[in-house]
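Please build the complex by placing chains B, C and D with the ligands on the supplied structure of chain A, with the hints as guidance.
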Amino acid sequence: MNARKTDIGCPDYKKFLPPVVHANYGKWKYHEVLKPGVTVHVGHSGDKLFTVRVGSPRLLSVKSIRFFCDMADKYCEGFLRFTSRSNIEMLTATEENIEPMIKEIEAAGWPVGGTANSISNIIHTQGWVHCHTSATDASGLVKSVMDDLYDDFVSHGVPGRLKLAVACCLNMCGAVHASDIAILGIHRRPPKVDSEALTNFCEIPTTIAACPTGAIRADITEDGQKTLKINESQCMYCGACYTACPKLPIADALNDGLSIWVGGKCANARSIPQFTKMVVPWIPNNPPRWPEVVEAVRTIVDVYKEHGKPWERMADMIDRIGWARFFKLTGFEFTKYHIDDYKLATKSFNASMHLRF
Amino acid sequence: MNARKTDIGCPDYKKFLPPVVHANYGKWKYHEVLKPGVTVHVGHSGDKLFTVRVGSPRLLSVKSIRFFCDMADKYCEGFLRFTSRSNIEMLTATEENIEPMIKEIEAAGWPVGGTANSISNIIHTQGWVHCHTSATDASGLVKSVMDDLYDDFVSHGVPGRLKLAVACCLNMCGAVHASDIAILGIHRRPPKVDSEALTNFCEIPTTIAACPTGAIRADITEDGQKTLKINESQCMYCGACYTACPKLPIADALNDGLSIWVGGKCANARSIPQFTKMVVPWIPNNPPRWPEVVEAVRTIVDVYKEHGKPWERMADMIDRIGWARFFKLTGFEFTKYHIDDYKLATKSFNASMHLRF
Amino acid sequence: MAESETPLLDELLKGKWPSFIKEMKDMADTKPMVRDVLRQLEQSYRDKKTHWKHGGIVGVKGYGGGIIGRYSDSPEKFPGAAHFHTVRVNQPAGWFYSSEALRELCDIFEKYGSGLTNMHGSTGDIILLGTTTDELEPIFSALTEKGWDLGGSGSALRTPSCCVGPARCEWAMFDCLDVCHELTHFYQDEIHRPAFPYKFKIKVSGCPNDCVSAIARSDFSIIGTWKDDIIIDQEEMRKYHAEGKDILRSAVMLCPTRAIEWDGENIEIDNENCVRCMQCINAFPKGLAPGNVRGATILLGSKAPIVQGALFSSVLIPFMEIEEGYAEIKDVLERVWDVWDDHGENKERIGELVERMGKGEFLEQVGIEPDVQMVCHPRENPYVFYDEYLEEED
Amino acid sequence: MAESETPLLDELLKGKWPSFIKEMKDMADTKPMVRDVLRQLEQSYRDKKTHWKHGGIVGVKGYGGGIIGRYSDSPEKFPGAAHFHTVRVNQPAGWFYSSEALRELCDIFEKYGSGLTNMHGSTGDIILLGTTTDELEPIFSALTEKGWDLGGSGSALRTPSCCVGPARCEWAMFDCLDVCHELTHFYQDEIHRPAFPYKFKIKVSGCPNDCVSAIARSDFSIIGTWKDDIIIDQEEMRKYHAEGKDILRSAVMLCPTRAIEWDGENIEIDNENCVRCMQCINAFPKGLAPGNVRGATILLGSKAPIVQGALFSSVLIPFMEIEEGYAEIKDVLERVWDVWDDHGENKERIGELVERMGKGEFLEQVGIEPDVQMVCHPRENPYVFYDEYLEEED
Ligand code: SRM
Ligand code: SRM
Ligand code: SRM
Ligand code: SRM
Ligand code: SF4
Ligand code: SF4
Ligand code: SF4
Ligand code: SF4
Ligand code: SF4
Ligand code: SF4
Ligand code: SF4
Ligand code: SF4
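Chains as they are written, first to last, in the working numbering: chain A, 1 to 357; chain B, 1 to 357; chain C, 1 to 394; chain D, 1 to 394.
Certain hints may be false.
From the structure, some residues in chain D lie toward chain B, with a derived Cβ separation under 8 Å [stated by the list, open to error]:
1. 270
2. 273
3. 364
4. 365
5. 366
6. 367
7. 373
Below, a list of computed lysine-lysine pairs in the BS3-like style, where the Cα atoms sit at most 30 Å apart [as the list claims (entries may be wrong)]:
8. A:63 - D:53
9. A:29 - D:53
10. A:336 - B:347
11. C:111 - B:14
12. B:27 - C:330
13. D:53 - A:15
14. C:31 - C:77
15. B:336 - D:146
16. C:61 - C:16
Covered stretches of chain A (chain D as the covering partner; in silico rule of three or more C-beta atoms under 8 Å from a C-beta of chain D) [claimed, not checked]:
17. 4 to 18
18. 126 to 133
Honestly, the hints are just simulated from the structure, not real lab data. All C-beta atoms in this analysis are idealised placements derived from N, C-alpha and C, irrespective of residue type, glycine included.
Excised from the complex, chain A in its bound form (with noise of 0.2 Å):
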């Protein structure tokens, strides 16, 4: 081999630690969220070590990274992090350069918020910015959404935390399978098959395999080609057999679009983690700024706002309140499609006597 690096890992966090957290590294004794964005940390040895959370839309250009570097080096001693909620955080042990920090970023169209009881970040994915799967683009909707809570951001208004997420597909890149609300992109007719050249392209018997369900059969066009049939009424529109073979597009415009979900979580505190659940099978993509999806997370919001009691996620208040009472506040149609019919659907009914009217 040359000169030419390889495997050399990522770089040393230790590199990039402000000193205040060198000091107090696993040395922290508590913290209090001072305000919406907030946070001190205090360490062991009386330390402290002031963070300020602000918002990004995840897609950051080179001028806006620089410009939070300018920010760390005028008040931050030249560190900053991100969060797993791509926020951005300043970190700084002074705690005369809060204020004047958060001025000058506010200024710069930027919100500083997420801490505690807010509506932080919401998690997301590529859509039509750069996937090729994608029934829907995920920074449009995060915009359209965000721009409605942006209150709820820069605020602490909601009885608990509340974790929000988007997704182009049902791969799920990210968080909708264990989010308080989720907003996903989905298909909702079979697969076209393009026989034209499609053994160029695609393996048949992969591709028959990858069918979760059975659908696909292998077929003979009536010039005698090799292609694939789909039994449509066995299909579910996951897209495993277009990710298998190109020639079998999914994308459709008039079909796809979004279903809404709730009451999913990761942490343990309380109940333990939570699948998500669908409440709003289908809503037609509608770009550039998705009203009807802003408008159904804007409902279950504010269900959650006036019915959710202290500390409660989504997923505690609806085990608290009922889902059918859940589906009376927001209004929501409860359908068949909203019944399971999966693998473990049996484990979904209601094998008890425990309603409420």
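Leaving out everything else, chains B, C and D with the ligands in the frame of chain A:
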């Protein structure tokens, strides 16, 4: 048709109701348990109905039944009933009759009890007394266990209701799948194939189809006869093939035995109905008195008595103290066989950080 | 019968609990068939193995069920046990009897069979434990003569059963005895002539305490509940309190949805969050009672584990008012049977069909509107099968 | 870039939340490729359809991953978007940066690509959103030059990630940054050269709050916990109480096992029943703290729903002390990989293998003793597959 009567259905229950029941039918106000085995129901009218509950082996000779008829005639205006757990209930409106009746019944060797927080009768099945698929004897087990638990039948010494069941094979005729404590007869060796004249007794395709794990396939004997072959590693001894084909006997003295289960319930009080869970995978058959089984049940009852809180059923107690502690307290060993690997197994995995140390 | 013939079984004569061996021995003196059955049972206790064979098909004329055929695997050794068939006699609703009727039954059983019974079988029938093929028609005549009929077996409607309900319980939300009786009579043909894909059981409990385990042991479970508020008698609650009953630990803290508040003087219930579990009412029957708008929930599909795993029944109709004649129950029942007839496979219980078909689809087939109370929660996976999609021209 | 070219996208410049369109437009002036990507995106907004094609295989020499190939389906219309590959750069543990290092990254991204990023991708990588095939080798050289390397993609170990942990959190039970860093470095080959049946993710959270969603989004989840008693500072609890904090409603009543008592003066915890959920500690960080015997739980198998349904990780090792060098973690990890290698099918995640194989059997294969904490409850069905049975001669 001739005068032969058919399809007359069961007799009218109204004929069999004591007068006080007729008078207060559907108009009871409340009840009280006066002492173990004796309850009073009070009507809105003020009328009282006293019930004396008597333990029964369920397998009753006409001689015993006639004895209870005598008692009914003497003390209960000629009426009595049986419970859903095969106990006998003597019904009287006359409070003074209670004590003499109890005295006479007890003198004849019958226990009075089984109400409220006692251990009631054990729901059970046929076993070697009458069934061809039994892996054990139900009645003998029940007798052995109830002899040991006798004091808990005639007193109110357990924290909540404690419902036991026995079944002699996986068909679970009765209540094993939803009982506080259950004893289940199991086979533990794949059926032997009795090739001789198998095709006279069994339909090969039906038998193959009967196996839920696909362990059976068609085969040919050395002398060219059609027969069946069982892939032993795929067999979990359900006996479904034996039900379809008597030439696949599954009973095996060395390997048949008992498993012990806990934590099932049907009532909706507090928690929803629960399936029973396996805690001892296998105890060999040890007739006539199955001391190891009696001991295991006793162990569980003792833990429940010591750790259960008022109203808690077994399931509720274990939910509170955790399975780890249950195994520790009982001393039962936890093995890989306790971990579900059937269709819905995933839902039984601990997918959380809720742990007790 | 000489003790020495059954030394192992004789061990089971000891101990305080009433002995089934004693019951059998009591009949053995007059019934040689019982003696042989005992000797065969002793053999089983020695061998640790049953000595009964697969049942053959036996029965009474015109009926496809009600008798379980049973034969010894060693008739040469135990000739009296060669045939030992079970006769299932349909019990009266609620298992109430007059001594007169019971005595008549005893006489019949003693005359035509072993004189041994199970009072009762797990499904609810009176069981005559043991008779021979020859005696089947005579016993059937004798039974019907006295007003008794057979219960179900095979791929038929099985004998319905119910809790004691309004006959002796303050919590019966409807007349479960009458429902049980009426369904038994209305569906005599379904009970006696197996025509279903597999067995089908009905059990009726007056309230969610479910004293006949309907939710666990019947394909079609009818269980009482109520819709309006729990009725509170504050005075009685204060009396309980004064008597030292712990309202906090027996109700407040055990309420699954924490819907109860008790301040030492008054109890308050958030009825919107009450899930009708019965706990507080069970604990304080004088102070609390189910509301006045009473009816039943219909649940579908419970069964033992063979072979896909045990199922509990799950909600099919969250609330139904129970009206005399029970037309609505019958209507639902028949619609369920129709779908089962059309789609059920051989030996597929209705709960298994719902699983295979999907509950949403099943509801559509059976003509019942989906209701969120039918599930614990909406689906957790995105795999929806839509009936149709939009096309360009739409 | 003329506004008129993207009227729909321009709608997304409005509103208070920072706009990704603004970010893109900011680069479009200097980067024609971004302009075409925007035009293509506008087209998608009009068509309600993606205009990206299946990715082809592109990469850098010697690596099997780290680059996601992406091509326009209309390169003639959007020539700048013809290639628009993603470069996944392995983030530093905990997503800490110096401004200096970030600026270096920015310079590289601007020089060799679109200048657009995701900070960060869902797996945790720094993502350079868009470059051409030609620029891949140059950008890789520039990155490694400055100390950066690529993250994972394909059937490889994916870039591990971790919560902020000991760097800024009082609840980190072990050094999750160091664990994350060490595993990343120790398994460089597994990250860069896909050799697994399918993707494999590791996430590390310092405590059960799980701020990186390890339990939901990683095949191998390492989550901190403690074994001994919760440390109580009664004085601080009384202060909270004095300040009007509701200890009853924020801890006592929310404790999942009701293990807490508070009498207005003292808090008492039944540690035997505490399930380490963190609620009480979260609510009262000054008064309550995790115990001193700290370590981690290893959980296995979470993933998104494709195609058997989503899985959470479930307990594999209930408690492990975390010792420098992390030999025990590595040992378990490698044993898991070995079993997966031997038994995993193509595109079968480890959680799916455990499901298919049975957890009991998997434990035996991987050499870990079964522990009751691995399950919510023992099996509910009687279908045990025994390894062996007794034979006459035994
Ligand atoms: C910065 C971050 C970790 C990181 O490495 O980046 C973080 C930091 C903290 N988390 Fe978190 N959590 C972070 C993502 C998460 C996630 C993952 C996610 O959001 O996708 C979870 C699990 C999500 C879930 O359950 O679905 C998470 C579940 C918690 C919880 C449990 C909440 C609950 O009640 O369910 C706590 C406890 C609490 O709220 O006091 C917590 C507490 C905290 C504390 C208070 C810990 C501490 O003492 O410093 C920090 C928050 C200050 C504040 O008020 O926001 N953190 N926290 C992440 C910030 C994301 C953001 O920008 O909003
Ligand atoms: C007689 C009987 C009904 C019948 O039609 O035969 C019956 C009668 C009563 N049951 Fe029951 N239950 C009867 C079987 C059941 C069953 C079924 C079973 O045992 O297999 C159950 C459900 C079992 C389960 O959950 O696995 C059952 C669950 C209850 C409950 C709920 C208990 C709980 O807390 O989980 C109550 C409420 C209570 O205990 O106050 C109850 C309450 C009652 C009351 C107090 C109702 C009343 O007001 O009269 C009656 C009992 C007096 C007493 O103290 O025993 N009954 N009860 C059954 C007696 C069986 C026996 O001989 O022991
Ligand atoms: C007699 C009785 C047990 C008892 O001692 O009480 C009984 C006895 C038999 N049952 Fe049962 N079952 C009896 C109640 C039950 C119950 C409980 C219930 O009805 O509440 C169940 C569980 C609930 C259910 O239906 O799932 C039950 C689930 C089974 C099964 C499993 C069915 C399933 O789908 O899981 C079988 C196997 C079969 O049908 O092939 C079965 C089969 C049998 C057979 C016919 C054996 C066979 O495979 O041919 C047994 C005949 C024994 C004999 O020689 O007398 N028996 N069987 C019960 C009927 C008495 C009566 O009519 O009152
Ligand atoms: C870039 C990223 C989304 C993002 O915007 O952040 C992403 C993007 C893709 N993911 Fe993902 N996944 C990304 C994190 C995830 C996550 C979340 C996580 O890692 O925490 C998941 C859910 C957790 C999991 O692993 O199950 C995830 C579950 C999937 C799946 C479903 C896998 C499964 O077994 O269920 C697929 C489908 C596949 O592998 O064929 C997939 C496939 C894909 C592909 C490669 C599409 C494909 O089928 O070829 C996407 C490329 C998009 C593009 O053009 O850039 N992606 N993917 C994330 C990686 C960035 C990074 O390295 O930091
Ligand atoms: S969720 Fe689907 S469409 Fe979105 S980035 Fe992931 S694979 Fe692509
Ligand atoms: S989309 Fe999914 S279900 Fe439909 S045919 Fe393709 S692989 Fe099968
Ligand atoms: S449980 Fe099995 S052995 Fe016992 S009676 Fe039922 S079918 Fe027969
Ligand atoms: S006993 Fe059950 S699992 Fe075993 S071969 Fe027979 S049918 Fe199959
Ligand atoms: S089920 Fe309800 S109504 Fe019927 S006996 Fe039991 S408690 Fe009474
Ligand atoms: S019936 Fe049950 S749920 Fe309703 S208030 Fe009483 S205890 Fe609570
Ligand atoms: S997971 Fe625990 S240790 Fe890590 S940041 Fe969150 S609260 Fe702190
Ligand atoms: S950590 Fe959770 S389980 Fe433990 S005492 Fe606190 S609230 Fe209860």
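Structure-based check of each hint:
no.	hint	result
1	270	violated, 10 Å
2	273	holds, 7 Å
3	364	holds, 6 Å
4	365	violated, 11 Å
5	366	violated, 12 Å
6	367	violated, 12 Å
7	373	holds, 5 Å
8	A:63 - D:53	holds, 29 Å
9	A:29 - D:53	violated, 51 Å
10	A:336 - B:347	holds, 23 Å
11	C:111 - B:14	holds, 27 Å
12	B:27 - C:330	holds, 26 Å
13	D:53 - A:15	violated, 40 Å
14	C:31 - C:77	holds, 17 Å
15	B:336 - D:146	violated, 50 Å
16	C:61 - C:16	violated, 44 Å
17	4 to 18	holds (count 13)
18	126 to 133	holds (count 7)
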